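Visitor: Line order of the protein sequences matches chains A and F. Okay, so the first sequence: first residue is -3 according to the working numbering, each after it adds one. Okay, so the second sequence: first residue is 94 according to the working numbering, each after it adds one.
Derived by calculation from the structure, the hints in this document are not laboratory data. Please note that the accuracy of each hint is not assured.
What the hints assert, rightly or not - As a list, the in silico SDA-like pairs of lysine to any residue whose alpha-carbon atoms are at most 20 Å apart:
{"id": "1", "chain 1": "F", "residue 1": "150", "chain 2": "A", "residue 2": "98"}
{"id": "2", "chain 1": "A", "residue 1": "45", "chain 2": "F", "residue 2": "198"}
{"id": "3", "chain 1": "A", "residue 1": "38", "chain 2": "F", "residue 2": "150"}
{"id": "4", "chain 1": "A", "residue 1": "38", "chain 2": "F", "residue 2": "179"}
{"id": "5", "chain 1": "A", "residue 1": "45", "chain 2": "F", "residue 2": "122"}
{"id": "6", "chain 1": "A", "residue 1": "64", "chain 2": "A", "residue 2": "80"}
As the list claims (entries may be wrong) - One side only, chain F facing chain A, incomplete, derived with CB under 10 Å:
{"id": "7", "residue": "95"}
{"id": "8", "residue": "157"}
{"id": "9", "residue": "174"}
{"id": "10", "residue": "176"}
{"id": "11", "residue": "196"}
Being a predicted model, the structure only gives us computed values, none of them experimental. The beta carbon of each residue, even a glycine, is placed where N, CA and C say it ideally should be.
Next come the chains, spelled out residue by residue.
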Amino acid sequence: AQSVTQLDSHVSVSEGTPVLLRCNYSSSYSPSLFWYVQHPNKGLQLLLKYTSAATLVKGINGFEAEFKKSETSFHLTKPSAHMSDAAEYFCVGASGGYNKLIFGAGTRLAVHP
Amino acid sequence: KAGVTQTPRYLIKTRGQQVTLSCSPISGHRSVSWYQQTPGQGLQFLFEYFSETQRNKGNFPGRFSGRQFSNSRSEMNVSTLELGDSALYLCASSLEPARIGETQYFGPGTRLLVL
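With the hints as constraints, model all of the structure from the sequences given.
Guide: Spelled out as structure tokens, the structure:
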């Protein structure tokens, strides 16, 4: 069975510094992996997705993630945090023949001036 | 193109009542999935519909049900509400199901409070 683990429940950074949100996955076969962001009282917005085409995936708003099979990781990074990046981020997996998404527990990102 | 819409956005019910939530997918999308989000359990898959058929179901009791109409709009129903059903219910749509990497687009959710 597939599972997704987000290693940090809270991350706090200063504006202008790099962001790293960590995600590990387990899957018996090649997964599809996504990062979604949820701002307060809003729905989920797709940041980026990995589908085995390229291990380094670029998303919206300057975010990117690298799929590392040897480490079973799919960490999300951004070179320079902006105040508007403060939100909750979900690492999400999908595998098999169904549209069922498996969500990590979420990482709440705080950005300080 | 309009996004996924969900109605109502907020709902207050009392224990024992039933509730129906509605989701209109992005135009052209034929697959609709439902998720429950709570502080304790996080985001959990409820069920997925495609071509008016339930294709997959999560681990929820039979009080949770859904359906999809010919225009791809979907409703979910919760009967005999319990306090623990208080949650944000999210709907997601995609063009097709059952393809690796198919992107799901989420609506803003319906926040249900059960008193």
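Visitor: Checked against the structure, which of the hints given earlier come out wrong?
Guide: 3, 6, 7, 8, 9 and 10
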